[in-house]
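> Quick mapping for you: the protein sequence lines, in order, are chains G and P. The first sequence begins at 5 in the working numbering and counts up one residue at a time. The second sequence begins at 403 in the working numbering and counts up one residue at a time.
Hint data in this document are derived by calculation from the structure and do not stem from the laboratory. Keep in mind that the hints are not guaranteed to be accurate.
Not the full set, but computed from the structure, chain G residues with beta-carbon under 10 angstroms of chain P [claimed, not checked]:
(1) L58
(2) R59
(3) G77
(4) V80
(5) F161
(6) L248
(7) G265
(8) Y283
(9) S295
Which bits of chain P does chain G cover? Going by a derived footprint, with three or more residues having C-beta under 8 angstroms, they are [to be verified]:
(10) 428-441
(11) 492-498
(12) 501-508
(13) 574-585
(14) 594-603
(15) 670-679
All values reported here derive from a predicted model rather than from experimental measurement. Beta carbons: idealized from backbone N, C-alpha and C, even for Gly.
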Amino acid sequence: MLRFILIRLAVAVPTLLGMSVVAFAIVAIAPGDPVMMELRALGVVPKPEDIAALRAEYGLDQPFLLRYLDWLGRAVQLDLGTSIATGRSVVTEIAMRLPATLSLAVSALIGAVLVSVVFGVCALSRNRGVAACMRGLTILLVSIPSFWLALLFIYLFVLTIGWGRLVSDGTWSDLILPALTLGLGAGASLGRVVYERIRAELSEDHIRLAIAKGLAPRRILISHIAPRIVGPLATAWANTFGALLGGVVIVESIFGWPGLGQLILQAIAQRDFPVIQAYLVFMGLIFFTMSILADIVVFFTDPQLRRTLSDD
Amino acid sequence: MIERHLSLPALRFGLRGGRFGLMMGVALLLGFVVLGLSPLFVDIAPPAQMDLLARLAGPSDTHPLGTDHLGRDVLSRLIHAVPVSLGAAFATMLAILAIALPWGVIAAVAGGRVDMVMMRLADIIMAFPTLVLALAIIGFMGASLQASIIGIAAAWWPSNARMVRALVLSASQRDFVRAAYLSGASRLRVIVRHILPQVLPPLAVIISLETASVLLALSALSFLGIGAQPPTPEWGAMLNQARPFFSQAPHMLLVPGLAVTAAVLALNLIGEGLRDLLDTREPYEW
Numbered sequence: 005m006l007r008f009i010l011i012r013l014a015v016a017v018p019t020l021l022g023m024s025v026v027a028f029a030i031v032a033i034a035p036g037d038p039v040m041m042e043l044r045a046l047g048v049v050p051k052p053e054d055i056a057a058l059r060a061e062y063g064l065d066q067p068f069l070l071r072y073l074d075w076l077g078r079a080v081q082l083d084l085g086t087s088i089a090t091g092r093s094v095v096t097e098i099a100m101r102l103p104a105t106l107s108l109a110v111s112a113l114i115g116a117v118l119v120s121v122v123f124g125v126c127a128l129s130r131n132r133g134v135a136a137c138m139r140g141l142t143i144l145l146v147s148i149p150s151f152w153l154a155l156l157f158i159y160l161f162v163l164t165i166g167w168g169r170l171v172s173d174g175t176w177s178d179l180i181l182p183a184l185t186l187g188l189g190a191g192a193s194l195g196r197v198v199y200e201r202i203r204a205e206l207s208e209d210h211i212r213l214a215i216a217k218g219l220a221p222r223r224i225l226i227s228h229i230a231p232r233i234v235g236p237l238a239t240a241w242a243n244t245f246g247a248l249l250g251g252v253v254i255v256e257s258i259f260g261w262p263g264l265g266q267l268i269l270q271a272i273a274q275r276d277f278p279v280i281q282a283y284l285v286f287m288g289l290i291f292f293t294m295s296i297l298a299d300i301v302v303f304f305t306d307p308q309l310r311r312t313l314s315d316d
Numbered sequence: 403m404i405e406r407h408l409s410l411p412a413l414r415f416g417l418r419g420g421r422f423g424l425m426m427g428v429a430l431l432l433g434f435v436v437l438g439l440s441p442l443f444v445d446i447a448p449p450a451q452m453d454l455l456a457r458l459a460g461p462s463d464t465h466p467l468g469t470d471h472l473g474r475d476v477l478s479r480l481i482h483a484v485p486v487s488l489g490a491a492f493a494t495m496l497a498i499l500a501i502a503l504p505w506g507v508i509a510a511v512a513g514g515r516v517d518m519v520m521m522r523l524a525d526i527i528m529a530f531p532t533l534v535l536a537l538a539i540i541g542f543m544g545a546s547l548q549a550s551i552i553g554i555a556a557a558w559w560p561s562n563a564r565m566v567r568a569l570v571l572s573a574s575q576r577d578f579v580r581a582a583y584l585s586g587a588s589r590l591r592v593i594v595r596h597i598l599p600q601v602l603p604p605l606a607v608i609i610s611l612e613t614a615s616v617l618l619a620l621s622a623l624s625f626l627g628i629g630a631q632p633p634t635p636e637w638g639a640m641l642n643q644a645r646p647f648f649s650q651a652p653h654m655l656l657v658p659g660l661a662v663t664a665a666v667l668a669l670n671l672i673g674e675g676l677r678d679l680l681d682t683r684e685p686y687e688w
């Protein structure tokens, strides 16, 4: 177990380094000079020597590799610069809003997992009408854009029935609608994975044996199929979580949920590079951690993998 | 064995279900093509023509789907958005394939160290949540439809390259591919004549489903105001402009959303239908 985690973490180091290069390079090669932009934000008409001085101050006259190492050194100490728009440290800006975004993404993920199991299992129902309906519903839910679903929910629940409200201060009851919006779509696409996985297992001989033994479908599903699909599903959950981390931006802005969404949209509009970069770094790290957790679940649920790793 | 053959009608039903979905998807997509081409044959008001006296008007004879906050005809904007919205999605998918196809094929055929390095590079991009990476790229390039196409293509290609690689790897395990190598065919010839024909059908499924998700992402970006910019008619952007007039003019909200849903649904139905047609497994019945 410990051995597996150590191997997994050792493999992760090059990927993490690669991610940091991407996050750094994306700013370094972005069109538009950050110095010029800061000067313009200050309302100064820059003179060439001012620009040169500022470039030297920021170390922008250094070669790429040195600047990258310098940036990495500061990033490891959680110093990702200050926001051009507010002048505050971007790490503080992000840390302030991160809990709201994470709680929305996690509750949407929980919803999605529940929805996906129901959809996936029902799509395999022996009743062909039910199965066809569930598959149709799945494709429909996957196809509805989350922003439109959000607007429909607001129209229905907030404006017509009067549940919920549009200005949210981050309390749990305000979480329900945005989490439902995100969870339904994500759950439907996860449901396709559940359906595919169970179908693949159903084509295996050991399931044929279980059926021949006369086991009830529920028993086969819980004790023969479930243990074998938990690992692949954990990977799918991690991927869904990654999709939700991006998806929350869309829904947060509609429901006024005080997460990272508004911050990042503002940063894109104002071309606030440090904020965007820090956002990329944080989301990348969170998603990366989830993928490692998923790999550990895969390891735990796959006896063959466990045996090969403990042998050598 | 006989009993399994007896359960074949079930299989046929499944096939028919898949075909029905496929047909519906193709019909929907053809509908969009006809809709997109209709300005060439039918006289439709230009999408930017304003009728300030009829702002936010509901459906009427002159404006079958009503007008928006500037008095522009919603139907006309919806139709003129077809080439923009669908065109952007197909352009993005082409860009993704232009990278993913050679990347996946080369990695799979070369194998060894080349494969490892190429897949490692793809993994690094895939380690970021796709939409987050796309948002960041758009942020650094400045919001526009081109930027969102580039951002999405840059974030989406690695997973596609991985799928292409997996398809090519399983295709090159076949005996006739080995036989072709043994009979002295060049690598290029084996790839073009023996591997690609095997890869194309499952690739068609992937392309169709991925175009659907790309279309969703592009319209979401336009909805957030960082994709297509006004006054370009685009479904997501139309929804964005409709937001302030939510309770006064719900018709502005309904139609573009339905258009996105129908287009994505068409692509998903085609993808799922094709997948069902290609699926030869026979799950055991309980």
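> How about F161(G): closest beta carbon in chain P under 10 angstroms, or not?
violated (13 angstroms)
> Holds or violated: L58(G) as interface residue toward chain P, Cβ cutoff 10 angstroms?
violated (20 angstroms)
> Count residues of the stretch 574-585 of chain P with a Cβ under 8 angstroms from any Cβ of chain G, then say if the count reaches three.
Violated: only 0 residues of the stretch 574-585 of chain P have a Cβ under 8 angstroms from chain G.
> Counting residues of the stretch 670-679 of chain P with a beta carbon closer than 8 angstroms to any beta carbon of chain G, are there 3 or more?
Per the Cβ count (3), the hint holds.
> Please verify the coverage claim for the stretch 594-603 of chain P: does it have three or more residues whose C-beta sits within 8 angstroms of some C-beta in chain G?
violated (count 0)
> Please check whether G77(G) passes as an interface residue: C-beta within 10 angstroms of a C-beta belonging to chain P.
Result: violated, 20 angstroms to nearest chain P Cβ.
> For the stretch 501-508 of chain P, do at least 3 residues have a Cβ located nearer than 8 angstroms to some Cβ of chain G?
Violated: only 0 residues of the stretch 501-508 of chain P have a Cβ under 8 angstroms from chain G.
> Verify the interface restraint on V80(G): the C-beta must sit less than 10 angstroms from at least one C-beta of chain P.
This hint is violated: V80(G) lies away from chain P, its Cβ roughly 17 angstroms from the closest one there, beyond 10 angstroms.
> Should the interface hint for S295(G) be scored as holding, given a Cβ-Cβ cut-off of 10 angstroms against chain P?
Given a least distance of 7 angstroms, the restraint on S295(G) holds.
> Minimum Cβ distance from G265(G) to chain P below 10 angstroms?
holds (9 angstroms)
> Would you settle whether the hint for L248(G) is holds or violated, based on the nearest Cβ-Cβ distance to chain P being less than 10 angstroms?
holds (8 angstroms)
> Confirm or reject the coverage of the stretch 492-498 of chain P by chain G under the rule of 3 or more residues with a beta carbon closer than 8 angstroms to the chain's beta carbons.
Contact hint for the stretch 492-498 of chain P vs chain G: violated, 0 residues under 8 angstroms.
In the structure shown, a violation is registered for the earlier hints numbered 1, 2, 3, 4, 5, 10, 11, 12, 13, 14, in ascending order.
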